[in-house]
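*Asks:* Residue numbers (my numbering), protein chains in the order written: chain A, 1 to 332; chain B, 1 to 317; chain C, 1 to 510.
Do not take every clue at face value.
[Unchecked claim] Mimicking EDC-like on lysine to aspartate or glutamate, the simulated pairs with C-alpha atoms at most 16 Å apart in a straight line are:
(1) B/K117 x C/D312
(2) C/K489 x C/E256
(3) B/K115 x C/D330
(4) B/K115 x A/E318
(5) B/K117 x B/E198
(6) C/K133 x C/D168
(7) C/K371 x C/D398
(8) B/K209 x C/D330
(9) C/K170 x C/D155
(10) C/K70 x C/E36
(11) A/K326 x C/D312
(12) C/K286 x C/D155
(13) C/K424 x C/E336
(14) C/K133 x C/D143
(15) C/K170 x C/E256
(16) A/K326 x C/D315
(17) A/K149 x A/D83
(18) C/K170 x C/E36
(19) B/K115 x C/D312
(20) C/K424 x C/D264
(21) C/K424 x C/D268
(22) C/K70 x C/D130
(23) B/K117 x A/E318
(24) C/K65 x C/D85
Just so you know, the hints here were simulated from the structure itself, not pulled from any lab data.
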Amino acid sequence: MKKLLARRELSLVVAIILIVGVAIALQPRFASEQNIRSILLWVPLLAVAAMGQTAVIITRGIDVSVGSILGLAGMTTAILLRDYPQLGVGGAAVIGIGLGAVLGAINGGMIAFAKVPPIVATLGTLGIYRGLTFIVSGGRQVDDYQLPKDLMNWSLEGPALLSKVPFINSIPWVVWIAIIVMLLSHLGMTYTRYGRDVYALGGNPDAAALRGIPVNFVTFMAYVLCGIGGGFAGVLYASRYGTVNPSGIGNGFELQVIAAVVIGGVSVFGGTGGAPGVALSCLLLGVVNVALSVLAIADTWQMAIYGLVLLVAIIADERFARSARKRAGEAV
Amino acid sequence: MITRIRSRFGPEIVAVVLLILAFGFSAFREPRFLDAEYLFDRSTLYMEAGILALSMTFVIIAGHIDLSVTSILALVGAICTTLVSKYGLPPAAMIIIAPVVGGALGALNGLLVSKGKLPSLVVTLATMALFRGVAQILLGDHSLPMPKELVGIHKIQLPGTYFHVPMVLLAILAVIAAGVLHRTVWGRWVTALGTNAEAARHAGIPTGKILIQLFTLSGVAAGIGSMLMLSRLGVARFDHARGLELDVITAVVLGGASIFGGRGTVFGTITALGLVGVVQTGMGVAGVKAEVQVAVIGLLLIVSVLFSNFTARKRGR
Amino acid sequence: MSSPAVSPAAGAVILSASHISMRFGPVEVLADISVELRAGEVHALLGENGAGKSTLAKILAGVYKPVSGKLALLGNEISLSGPRDAAAKGIALIHQEPLTFPDLSVAENIFIGRQPTKAGRIDWAKMRQDAEKYLSALGVTLDVSAPVRGLSVADRQMIELASALSLDAKVLILDETTASLTPGEVKKLAAVLDRLKAEGKAIAFIGHRMEEIFSICDRISVLRDGLKVGETLRTETNVDAILRWMVGRDVHHLVERGEPNLGDVALDVSGLTRKPRFADISLSVKAGEIVGLAGLVGAGRTDVLRAIFGLDTVDSGMVTVTGTTLVHHDPARAMEAGVALVPEDRQQHGVLMPQSIWENGSLAIMPRLAKFGLVDDKTARQKSAEGTQRLAVKMRDDEQAIRELSGGNQQKVVIGKWLLTNPKVLLLDEPTRGIDVGAKAEVHRVIVELAQSGLAVLMVSSDLPEVLALSDRVLVMRGGQIVSTFDRKDATAEGIIAAASGATLAEVTA
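Modelling step: build the complete structure from the supplied sequences, incorporating the hints.
*Replies:* Now the structure itself:
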C-alpha cells in the first residue's frame, strides 16, 4: 500500500510542478504574490473539509451535504459574532465546529443506524441545511465590518512567534490551522484504532463485522468527522471572506471536496488513501485555479476541469485496482 | 384482493393519500388552488422535472442513480442555442438535435457504468460537474436566446381546455413509460436487474446493454426537458435546472420506487411529482423562500426513505 | 507439552456441545448433535456437503445460535452472542476463505480492532514484533509490514491462526480449511496443528479428504443429513468404515440411472482457459448423457460452468453447442444456443427472491412469448405452471413470492424455468445443495428423466453418492485442470477422492 500511495502522491507532486512550470513559461507575471495569495487562501478551507470527507469515502460512503454544513456553520458563526461579540472568536468557532459535528451526526445516524443510503440521506440534508442557513440568517448577509477584526486576522496574519522569520511570516493562521488539521487527521488515521477500523471497514465490510469491528459506530463517526471538517471550514470561510451571504456560502463546495478526496487517492471502492495524498490534491486544485487565473482562462472553466479530473481519477483508480487484483492472482 | 393491492401498491397509496391531503390543505388555506387556470399555469413549472422523473424511475428501479440529468439538460440547452446563434442551425432542427445530444451524453454515463464497472453514483457525480462545466464554458455568465418561434410552448393550450402542450407531452410520455415499464420485456428486465443484477445475468438478461440503454434514455429525457425549459424561459443559461435533481429523485422515491432497486411505478412517480408541486406551490403562496422550500423537499426525500426502510423491516425483509 | 504425541484420550474436555439442533426456516439441518473437543486433540467433523458440519462449526464459534442444545466451556455452560464474544472466550474460527483486509498489512490483519497501544497511540513497532512472534510460533515467515493482497489462501489462514493465538484461543475450529490448499500447504498446516496440539489446544477439523483426516486427526465424528452417525478414535477405525458412515445413506434413496440413451455430441468444450481459475479444459457431453464434474472446492468447477454459459470471459478456448460455436461470451447467446445453467448459489444467482413464483418461472422464456416486445403474462403464467406441475413444486399458489418456498422447491422452479426454454445442454452446479433428503431424491429423479428425454447434462457436485448414482461419466478437476476421467463402471468414491485430492489411491485407502 505504501508503494501505491507513494505513486499517487508522486504523480500529484509532478502534476503540481508541471502546472506551475507551464504557467510560469506562458505567463512571466505568474509570481505576482497578491494574486497567488488570494487564490491559495481558499486551499485551507478545502483541505480542512476534505479531511473529514476522506474518512467517509474510505468507508465506501459519500457526503454531498458538506457544502451545506459549511454554509450553515459558517453563517451561524458569523451571526453569533455579529450579535454576541462577547463570545469571542474562539467561542464562536467552537460553536460553529460543534454545530458541524451535530449536522454530521444527523447524517451519520440516518446512514449507520436507519440504513438510509448515503447519497439519499446527504442529498436530503444538502437541501435541509441550506434551508436552515436561510432561516437562521433571515436571508440577510453578514458584512465584514460587522465581524471582529480578530477573525479576519486569521486570514491575514501569522503567529506572532514567526513574525521575524522571513517568508514564513507571511503565512497566515488559516494555513497553519489547516496544516495542523491535516497532521492530526493523518495521525488519527494511522495511529488510532478508530482510524484503522475505518480502513478495515472500507476494505472488507463483511470481514470487519465478523472480526468484531463496531461497524455502525465507525460509519456514524466518519460522518461526524465530515461534519466537523465542514463546520471548521465554515468558520474559516467567515474569516477568509468577511462577507457571509446565505445563498453564496458553500454552494457547490461539496463537489470540490469530493474531487479533492478522490483525486488525492481515496478510492471510491473504499479502503485506501489518506491525508497526505488528499492534502497534495487540495494544493493541486489550488494551483490549477491560480494557473487558470494567471493564464487569463475564465473561471468558467473551473467546474468542467474539476469534473473531468474527477472522472479521470475514478477511471484510473478502477484500472489500478483491477491490475492490482490481477497481479495478486484474483479473478477480475 | 384488497390486502394484495395494499401489499403491492402500498407506497403508491401513501403518495396518493398525501397528495389529496396536501391539496386539501392548500385549497383550504388558499382558494386559488381550486382555480383550474391557476393550477394549470403553476403546473408548467413541473413538466420538465416530470420528464426527468420518468426516466429516473427506470434508472432507480434498475438499482442505479443519475445525478447528471439536470446538467445534461443545461448542456443540451447551451449546445443547441450556440449552434443556432453562432453556426446558423435552423431553429426547428433543435427539436431533433436536443434529444440526440442528450442521449449521447447519457450514453457516456452508461458506457462508464456498464463497461467501466464504475458505480453510477460517482460517475454521474463527476459528469454532473463536467457537463454543467462545459455548459458554463460555452455560455459563461451570459444567456443565449431561444429562437423566437420556439418560445412559449407552455402557453399553447389544447383548444377549449386548460391543458398546455408540455402537460399533454408529459401525459403521453407517462403512458408510454408506464407501458414500457410494466408491459414490455425490457421493462421487466430493468426490474429484474434492480432486484438482483447477478441473478438477472444468470437468467440470460443482457444487463450490460440494458444499463447503457437506461442512461441513454435518461439523457434523451434531459434533452426533451431542455427544450421545454428553454421554450418556457426563453433563454439558455449554464445554471438551468441546477438542484432540480433533488425534486426529481424525491418524486421518484416518494412515489414508491425503492432506492435499492427492484420496484417502482410510473403512477407513483407522477403522483409524487404532483405532491412535490402542490407542496412547493403552497409554500410559494405562503411566502416561503425558495431555499426553505428546498429544505422541505429534502426532508420529504429522507422521510420517504426512512418510512419505506421501516415498513420493509417490519415486513421482515 | 514437548512431545506432539500427547495421548488423545488424556486431554480434558475444553468445549462441549450437547444435544444441538438447528433449523433454517423449515429445513432442519442439525438434530440432537453432541460433540466434545479435548485439549491436545484434533477432532475431525466429517460428512458430505449438506451433512451439517459447517453449521455445527459455526454454532461452536458463535456465528449461529442453535435452536436448542447447550455449549459448555471447561464445564461451565456458556452462551455466545457472536463470533467476537466467542473469540474473547477463547474460541476461534478459521475460515476456508479467510477474513482478511487486502490493503492492510499482515500485522494489522492479525491485530485489527485490538492493536497494541502506547500512550494512546498504536505502537506499530510492537505490533510488528508481536505479529512476527505469533507467526514464528506457527513456523511461518511472512513480511509482516506487507499488505495481505496477493498472499495465498494458506498464508491468509496462517494470519487467522496467528490472530487466534494472539487472543490466547483455547479452541480452534478449522472450517474446511484445507479445501483450497495444495498438498504441500496441507503438510505445512498439519505440522502447525501438531505444534498447537502439543500446546494443549483443542482443535475441531472440518474436512473430507481421507488422507488428511487420517494423518492429522485423533478422533473422528461423522455427520450425515444433520445427524451424528458415529464417533471413534482414529486408531480404532479405517477409511472404509468412515466412508461407509459418510456415504451410508440408504441406497434406495437414490434414483436408478438406467441405461443411457446416447445421441450426438451436444456440448463440446476445447482448450477453455481462464487464468488463474482453470486452464485447458476440454470435454464433451452427448445428448442423453449425464457427466459429473467432481473435485474439491476451489478446483475451478464452478468457474468452468460460468465460462461455458458466458458469465465470465475466457482467455482462450472454444465452446460449441450442437454445432454452433459460441463466439461472444454472453449468457444471452448461450441461452439462444440452448444452454441452461442452474447456479450453485440459488438465493444470490438463481432466483429473484421478492418476485412471485410464476414471474421467476417464466423469466427466461418471457422474451420468446413476447409479441412486439410486449409481455404476455397470461401465457407466461400458464407456461410457468406447466413447469411447476411437471416438477411437482409444492406451493400454495403461483402468486406467492418465491422466497416463501423451501430450497428444494425453489430449485425445482429454477430447473423448470430453464426447461421451458427447451435447452439442449443443462449445466447444473451443486443441484441439491441445501435441499433436504426427500426433495433431493425428487431432484435426482428429474435430472435422470431429463437425460432420458435427450438432454445433455453437465453436473458439478461435491456430493459423491449423487455423482456416482447419476453420472454416466465422471470428470475430476484439481487445481483448475481435468485430472482424470472415470466411466460409470469404474467410478468409485475412493478413486474420485484420490484424484481430486492429488493423493494416490493407496494413500486414500491405506
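*Asks:* Decide, hint by hint, whether the structure agrees.
*Replies:* Against the structure, the hints come out as follows:
1. Proposed proximity of B/K117 and C/D312 is supported: the alpha carbons are some 14 Å apart, at most 16 Å.
2. With a C-alpha separation of about 14 Å, the suggested pair C/K489 and C/E256 falls inside the 16 Å cut-off, and the hint holds.
3. Under the criterion of a C-alpha separation no larger than 16 Å, the hint pairing B/K115 with C/D330 is consistent with the structure, at around 14 Å.
4. Restraint check: the Cα-Cα separation between B/K115 and A/E318 comes to about 12 Å, which is no more than 16 Å; the hinted pair holds.
5. The hinted pair formed by B/K117 and B/E198 meets the criterion: a straight-line CA distance of about 13 Å does not exceed 16 Å.
6. Straight-line distance between C-alpha atoms of C/K133 and C/D168 comes to about 13 Å, which keeps the hinted pair within the 16 Å bound.
7. At roughly 23 Å between alpha-carbon atoms, C/K371 and C/D398 are farther apart than 16 Å, so this suggested pair is violated.
8. Pair hint B/K209 plus C/D330 holds up; C-alpha atoms about 11 Å apart against a cutoff of 16 Å.
9. Of the supplied pair hints, the one linking C/K170 and C/D155 is violated, its CA atoms being roughly 21 Å apart against a limit of 16 Å.
10. Straight-line distance between C-alpha atoms of C/K70 and C/E36 comes to about 12 Å, which keeps the hinted pair within the 16 Å bound.
11. A hinted pair counts as satisfied when its Cα atoms are at most 16 Å apart, and A/K326 with C/D312 qualifies at roughly 15 Å.
12. At most 16 Å may separate the alpha-carbon atoms for a hinted pair to count; C/K286 and C/D155 exceed this at roughly 42 Å.
13. With a C-alpha separation of about 10 Å, the suggested pairing of C/K424 with C/E336 holds against the 16 Å cut-off.
14. Straight-line distance between C-alpha atoms of C/K133 and C/D143 comes to about 12 Å, which keeps the hinted pair within the 16 Å bound.
15. In summary, the hint linking C/K170 to C/E256 is not supported, as the alpha carbons are separated by about 48 Å, beyond the 16 Å threshold.
16. For the hint linking A/K326 to C/D315, the alpha-carbon distance of about 13 Å falls within 16 Å, and the restraint holds.
17. With a CA separation close to 15 Å, the supplied pair A/K149 and A/D83 stays within the 16 Å bound.
18. A threshold of 16 Å between alpha carbons decides the hint, and for C/K170 with C/E36 the separation of about 13 Å falls inside it, so the pair holds.
19. The hinted pair formed by B/K115 and C/D312 meets the criterion: a straight-line CA distance of about 14 Å does not exceed 16 Å.
20. Using a Cα cut-off of 16 Å, the hinted pair C/K424 and C/D264 holds, with the two alpha carbons roughly 11 Å apart.
21. Of the pairs offered as hints, the one joining C/K424 and C/D268 holds, with about 12 Å between alpha carbons and a cut-off of 16 Å not exceeded.
22. With a C-alpha separation of about 35 Å, the suggested pairing of C/K70 with C/D130 is violated against the 16 Å cut-off.
23. At roughly 8 Å between alpha-carbon atoms, B/K117 and A/E318 fall within 16 Å of each other, so this suggested pair holds.
24. Between the alpha carbons of C/K65 and C/D85 the distance comes to roughly 12 Å, so the proposed pair stays at or under 16 Å and holds.
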